[in-house]
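Participant: These are the residues of each chain, in order.
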Amino acid sequence: MNPRPLTVVLIVPTGVGALIGGYAGDALPVVRAIAQISDTLITHPNVLNGAQLYWPIPNAVYVEVYALDKFAAGCWGLQPVHQNRIGLILDADIEPDLQLRHLQAVDAARATLGLNITDCVLTDRPLQVELRISQSGASWGTIGNPDSLLRAAEKLIKQARVEAIAVVARFPDDEGSLALENYRRGKGVDPLAGAEAVISHLVVRTFKIPCAHAPALSPLPLDPHLSPRSAAEEIGYTFLPCVLAGLSKAPQLVAPESQQHNQLSITADQVDAVVIPATACGGSAILSLSGRSSVQIIAVGDNKTQMQATPEKLGIKALQVNSYLEAIGVLVAKRAGISPASLGADISSLRCLSD
Amino acid sequence: MTTHFISAEVDLHDTAEELHSAIEIELQKHGEPLRWAVTDVDVDRQKAVVEGYVLVEASPAIA
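Residue numbers (my numbering), protein chains in the order written: chain A, 1 to 355; chain B, 1 to 63.
Everything labelled a hint here was simulated from the structure, so no lab data went into it. Some hints could be false.
Listed next, with one range per pair, are the computed distances between beta-carbon atoms [to be verified]:
#1 B/E18 <-> A/A255: 23 to 31 Å
#2 B/A58 <-> A/Q308: 34 to 42 Å
#3 B/A58 <-> A/S258: 23 to 31 Å
#4 A/P29 <-> B/V43: 29 to 37 Å
#5 A/Q159 <-> B/D42: 48 to 56 Å
#6 A/L220 <-> B/D11: 43 to 51 Å
#7 B/T2 <-> A/G74: 26 to 34 Å
#8 B/V43 <-> A/T118: 51 to 59 Å
#9 B/E17 <-> A/N322: 23 to 31 Å
Chain B residues, not near chain A, derived (Cβ > 10 Å throughout) [stated by the list, open to error]:
#10 E9
#11 D11
#12 I25
#13 E26
#14 Q28
#15 K29
#16 H30
#17 G31
#18 R45
All residues carry an ideal CB built from backbone N, CA and C; glycine is no exception.
Input sequences plus hints: build the corresponding full structure.
Facilitator: The structure is reproduced here in structure tokens:
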């Protein structure tokens, strides 16, 4: 009999100042390590996107967070693909030279990586992105013309039959701001992340199609004190290559009862474990998956965030570990069928249930 | 169509699934929930502090 495949979900919420994964794709080493001991590792763009940098991981599944929430709730399944036909949306607010930089990044991905990016649409109005920080310290934002974004997506889907959409919106250049200065030092919250999430959520929610976003920004002056965690975003003109690479093999999103759903589809009942920063357990996906008795939630203590939603406060049963290294040990034990508790010095007495 | 940021407090429930439902119901009073998270819990008052975005469809113009 074949052993049950180990399916792991790795979440590092975006825009909450996660010490690991809150910057420029700096949780990628964690993904690479966990992928080694998983059969399938489901994660999201914030974790896998490092602007110019990315890493092809055959068993990692790139799922936008709105879709991940729907997957966790049992509403959508993930249907693997060989390659998606990708369309590009460019915000009309992007200056002509910056547009050209992004189109050249697309051409590079087509010629050098063999990606199937077929069509581009310029939005009919500027998207008008605005950035905010919430009371909890998370970044968020709004777009002034969401209908324009959705019209562009609809055109790509109906006219060009694309299967995944990359969006590039012009984000405000907040050069000189404290938030940006902190981000470049590897501290604080990514000020762009919350607004980026709104953009991709809107497209995924409306069209049920894989989508990811890259911000268009003017190049920043050279900073000799740039943090290694933020450096991936300062080695090129666009953040687009990682998005295109991720979308190329992103799974299609299918309802479990639909005809497209088949034995290759991944559904929430296949999930064995979720790895999450311990203070960020209050998201939709974790609350959904915590209701499944077969799912082991592994809460990582040293990946601190601006959130204060711990498993204890929420009444969620979770295994608390200090680090991702320890989380990987738990997953190895789980795969081997070994109780993590039996690897410690103290083993508690057997509990006797009373009437 | 517009997106709105919402901050709310929701009573803690016995299970995480019930809390999930209660949050969605609370946010739906303001629009269609697009993204949300519990950011903290007031343990003494048994309240979950929630931040999220909702989507509000534009009302048809009144002639």
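Participant: Give a verdict on every hint.
Facilitator: A quick look at each hint next to the structure:
Against the hinted window of 23 to 31 Å, the Cβ-Cβ separation of B/E18 and A/A255 comes to about 24 Å, which satisfies the hint. Between B/A58 and A/Q308 the CB atoms are about 36 Å apart, so this pair conforms to the stated range of 34 to 42 Å. Here the CB-CB span from B/A58 to A/S258 is close to 30 Å, well matched to the stated 23 to 31 Å. For the pair A/P29 and B/V43, the beta carbons lie near 35 Å from each other, so the given range of 29 to 37 Å is met.
Our hint of 48 to 56 Å for A/Q159 and B/D42 holds, since their Cβ atoms are close to 51 Å apart. In this structure the supplied range 43 to 51 Å holds for A/L220 paired with B/D11, their Cβ-Cβ distance being about 45 Å. Take B/T2 and A/G74: their Cβ atoms lie about 29 Å apart, and the range 26 to 34 Å holds. For the pair B/V43 and A/T118, the supplied restraint of 51 to 59 Å holds, since their beta-carbon distance comes to about 53 Å.
The hint said 23 to 31 Å for the Cβ distance between B/E17 and A/N322, and at roughly 28 Å that hint holds. The non-interface label for B/E9 is consistent with chain A: the shortest C-beta to C-beta separation is roughly 12 Å, beyond 10 Å. Every beta carbon of chain A lies more than 10 Å from that of B/D11, the smallest distance being close to 12 Å; the non-interface claim holds. With a closest Cβ-Cβ approach of about 13 Å to chain A, B/I25 is found to remain outside the 10 Å limit, as its non-interface label requires.
Every CB of chain A lies more than 10 Å from the CB of B/E26, the least distance being 13 Å, so the non-interface label holds. Every Cβ of chain A is farther than 10 Å from the Cβ of B/Q28; the closest lies at roughly 13 Å, confirming the non-interface assignment. Chain A leaves B/K29 outside its interface by the beta-carbon criterion, the shortest separation being 17 Å against a cut-off of 10 Å. No beta-carbon of chain A comes within 10 Å of the beta-carbon of B/H30; the shortest separation is about 14 Å.
No Cβ of chain A approaches the Cβ of B/G31 within 10 Å, the least distance being about 12 Å, so the stated non-interface status holds. No Cβ of chain A comes within 10 Å of the Cβ of B/R45; the nearest lies about 12 Å off, and the non-interface call holds.
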